[in-house]
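Undergrad: Letter by letter, the chains look like this.
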Amino acid sequence: MATKLKQRTVVICGGGFTAGLIARQLTAKNIDVLVLERGGDRTRGAEARLPNQRDELRWDVRAGLAQDWAVQTYSLRHSRNEDALPIRRLEAFLPGEGMGGAANHWNGQTWRWAEYDPILRTRLETRYGQRAIPPELTVQDWGVTYAELEPYHALWEKLFGIAGKAGNLRGQIQAGGNPFEAPRQDEYPQPPLPATESGLIFAKAAESLGYKPFPMAAGNSPNAYTNPDGMTLGQCQYCGHCERFICEANAKASPEVLLYPMLRKRSGFELKLHTHVTGVDYDKQTKRVRGVRYIDLLTGEEYEQPADIVVLASFVMSNTKYLLMAGIGEPYDPTTGTGVVGKNFCHQTMSGVNVHFKDRLLNPFLAAGSSQTCIDEFNEDNFDHSGLGFFGGGYIYSNVTTGRPINHRLVPPGTPQWGSKWKQANADWYSRSFNIYVHGSWYPHRENYIDLDPTYRDAYGQPLVRMTFDIRDNELRMSEYLTKKAVEIAQATGATVVGTPSPRKGPYDSRVYQTTHVTGGTIMGADPRSSVVSSHLQHWDAQNLFVVGASVYPFNAGYNPTGPLGAIALRLGDDLVRYTERPRQL
Amino acid sequence: MSSKTDAKLGRRGFLKGVAAATGAVPLAPELLVATGVAGAAVVAQSAVAEPAAPNLPAPEAGYQSLGPDEAGFVEAMVNIMCPADSLTPGGVDCGLAVYIDRQLAGGFGKGERLYMNGPWRQGKPQHGYQLPLTPEQFFKAGVAAANDAVQKKFGKDFSDLSPADADAFLHDLADGKVSDARVPLAQWFNELVYPLFVQACFADPIYGGNVGKVFWKVIGYPGLPATHTHDMVDFRGKPFPGAQDPKSIADFS
Chain A
1 MATKLKQRTV VICGGGFTAG LIARQLTAKN IDVLVLERGG DRTRGAEARL
51 PNQRDELRWD VRAGLAQDWA VQTYSLRHSR NEDALPIRRL EAFLPGEGMG
101 GAANHWNGQT WRWAEYDPIL RTRLETRYGQ RAIPPELTVQ DWGVTYAELE
151 PYHALWEKLF GIAGKAGNLR GQIQAGGNPF EAPRQDEYPQ PPLPATESGL
201 IFAKAAESLG YKPFPMAAGN SPNAYTNPDG MTLGQCQYCG HCERFICEAN
251 AKASPEVLLY PMLRKRSGFE LKLHTHVTGV DYDKQTKRVR GVRYIDLLTG
301 EEYEQPADIV VLASFVMSNT KYLLMAGIGE PYDPTTGTGV VGKNFCHQTM
351 SGVNVHFKDR LLNPFLAAGS SQTCIDEFNE DNFDHSGLGF FGGGYIYSNV
401 TTGRPINHRL VPPGTPQWGS KWKQANADWY SRSFNIYVHG SWYPHRENYI
451 DLDPTYRDAY GQPLVRMTFD IRDNELRMSE YLTKKAVEIA QATGATVVGT
501 PSPRKGPYDS RVYQTTHVTG GTIMGADPRS SVVSSHLQHW DAQNLFVVGA
551 SVYPFNAGYN PTGPLGAIAL RLGDDLVRYT ERPRQL
Chain B
1001 MSSKTDAKLG RRGFLKGVAA ATGAVPLAPE LLVATGVAGA AVVAQSAVAE
1051 PAAPNLPAPE AGYQSLGPDE AGFVEAMVNI MCPADSLTPG GVDCGLAVYI
1101 DRQLAGGFGK GERLYMNGPW RQGKPQHGYQ LPLTPEQFFK AGVAAANDAV
1151 QKKFGKDFSD LSPADADAFL HDLADGKVSD ARVPLAQWFN ELVYPLFVQA
1201 CFADPIYGGN VGKVFWKVIG YPGLPATHTH DMVDFRGKPF PGAQDPKSIA
1251 DFS
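Chain order of the listed sequences is A and B.
Under the working numbering, the first residue of the first sequence is numbered 1, with each subsequent residue one higher.
Under the working numbering, the first residue of the second sequence is numbered 1001, with each subsequent residue one higher.
Bear in mind the hints are in silico, worked out from the structure with no lab data behind them.
Be aware that a few hints might be false.
List time: in silico DSSO-like cross-link candidates among lysine-lysine, alpha-carbon distance up to 30 Å [said to hold, decoys possible]:
#1 B/LYS1153 with A/LYS421
#2 B/LYS1140 with A/LYS421
#3 A/LYS165 with A/LYS204
#4 B/LYS1177 with A/LYS505
#5 A/LYS212 with A/LYS265
#6 A/LYS29 with A/LYS265
#7 B/LYS1177 with B/LYS1124
#8 A/LYS505 with A/LYS485
#9 A/LYS421 with B/LYS1177
#10 B/LYS1247 with A/LYS358
#11 A/LYS484 with B/LYS1124
#12 A/LYS358 with B/LYS1238
#13 B/LYS1238 with A/LYS505
#14 A/LYS421 with B/LYS1110
Next comes chain A alone, as it looks inside the complex (with noise of 0.2 Å):
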């Protein structure tokens, strides 16, 4: 039997980087925010501290700052005829645990999207006409243009001490950024990474070529830093343990660093670590969630909590989750292509080919998670798809993000897998090789989609979520295009040895890690029937219920999510003050 508490005015389910933004603005106004996070404060553990920090086993091949599997995993199958069996240790992506969530152990890699992103239905209608986008291809419109997000782009970015150059100032390009940049403001609060050396031989190779490259923006500090809010980063020690690790050293932009030690000391702020979210209570009479109950991982007793306002922002799939467990709008029937929960889930494709220097020595250990070198040219529409057969595109970019030795070593082709000859190329090739990247767009599919899994249960009893899920013609093709043009700034480089060009094939592998950007499943829109919530985050069937991650994102683009995500949460805090003054559909 849960134990009843205490109203409260706004709980948030998930205590990771949207929560963190949301809370900033809602306690700034004394507003009372619960934040139930199942996993705990991973500040002060050895995975936050020198040396055991840098244990390449334990964090990255272990995934040990990732969700445990063993508790809860998704399902997957390839198409709706088969049955999904549950992926028992996941590798395509790493959903976090623990205050802060994934976006402790994220890279730093940071993009806002094209300015065309949030209005890119519309813009393929009128570039191409409605009858060139296959009917099969779900992508929509956000709801919400760039120019209403751009001062929550800027602000996010001041908080988070990002560094980079502006490619466009106000629609003036700027030479060294990216000449594809959707306009901005305000130059980034710091100066770009210094370029690692694969960056400076790939933007040779890419000049030659015509193209424009410049520096990455990052989330890693290379600087100290003070953001509006007095919290602090320390500087980037390019120790190449970013991506699947806690920055010791305070340098990387994260939600354990900037937000949470500051609203722990906030009255009116609460959260509370350890603590599961079961399901949120919904009254469908009167269109209004009542609260969460949730399971107190330290104790294991069941409470229930009473809210004035719900705010999901835990991974994508569980805000999926929690919809259709609660019943929660319409699930996304593909059959007809009806409902809206579960629908237009993506992930990003990603490809590339390796450059071996016989004569360079690139000591890739000498990096940070964003410290590399990109073109935009062939990303999503910055180019024309006239013919092409596929829309998207992705930014290509000089892959050095960190030497670390289990799971960074390129050799050339032909490299037999041990012995001698296997240990020779690996002293040879080691610090001379890197790969040329292209992170992908991954457009969504009307097969394509989450739902509950009718089988296989988590630690909780409750379903899994079950990925139908596979690669479809449009990214595959997308891939090919893209690895293609990846491979001739290889060739541009003067490498010693081309490697084997890797164009996305399906069908989509479990055991492979892409990034950690799925998205999808709750998505936005202007009309409530091909989205869950509206552009201002609500849940269209539940006016006091608030969804907010990358699973509100109607496609994934060929950029990281993370900036936008950090806009829409700063913008979903205002909304949400605004709420409480007056509730009603915003």
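Dock chain B against the given chain A, drawing on the hints supplied.
TA: For chain B alone, kept in the frame of chain A given last:
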């Protein structure tokens, strides 16, 4: 335990004595050339047959998970996959068998962080591991099945094969050419055994492999603490001195 394994253990005992007598001996100079700034062609020429073993501390003694026959298989295997040469001593002396044993005996081997609810069905390769066995159990089932296959083909244990036969057999395993009625041996080798081998070579030495940071020295990975704010630019494109003398977790503990 096979006589071959005994011989290795004897050698290990000998090495312990050497280590005690000489302390931590730095890597031989020719290896520093091999791992540092020299071009690939120079490196290739420096590959001489002189084993580098005497420079390393001895791996930990004793196994926690492996029985004698299993240890014989694993020791023979890591010595094939990592033969003694100018770059490193043999796999056993590099601690690779100890690493694998400790991983099987620990959380990983016991199925930590692995979803273990049924029903159990076999899917496509892309579904990943789907057996109702812990990694330790799977590892041992695979060793037994692989050894059976060796017995059928050669009439002896894997650990008694000639290096050429053993190497060819491992390639057959990796290529899916060795089958067993119940154990998926290609998956066993490629998705369990091989990753453990690679980790044994390149993980921090606190886990029992990569003794003396020998593999880090081979490739020129500097290890810890990696505070490179200035190095990032100062050593861009240049030999990084720390790559010749890597530091591990134990060095800072």
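Undergrad: Each hint should be assessed against the structure and marked as holding or not.
TA: Taking the hints in turn, this is what the structure says about them:
no. : hint                     : in the structure
1   : B/LYS1153 with A/LYS421  : holds, 27 Å
2   : B/LYS1140 with A/LYS421  : holds, 28 Å
3   : A/LYS165 with A/LYS204   : holds, 18 Å
4   : B/LYS1177 with A/LYS505  : holds, 24 Å
5   : A/LYS212 with A/LYS265   : violated, 45 Å
6   : A/LYS29 with A/LYS265    : holds, 14 Å
7   : B/LYS1177 with B/LYS1124 : holds, 19 Å
8   : A/LYS505 with A/LYS485   : holds, 17 Å
9   : A/LYS421 with B/LYS1177  : holds, 23 Å
10  : B/LYS1247 with A/LYS358  : holds, 26 Å
11  : A/LYS484 with B/LYS1124  : holds, 29 Å
12  : A/LYS358 with B/LYS1238  : holds, 14 Å
13  : B/LYS1238 with A/LYS505  : violated, 37 Å
14  : A/LYS421 with B/LYS1110  : violated, 34 Å
The structure shown violates the earlier hints numbered 5, 13 and 14.
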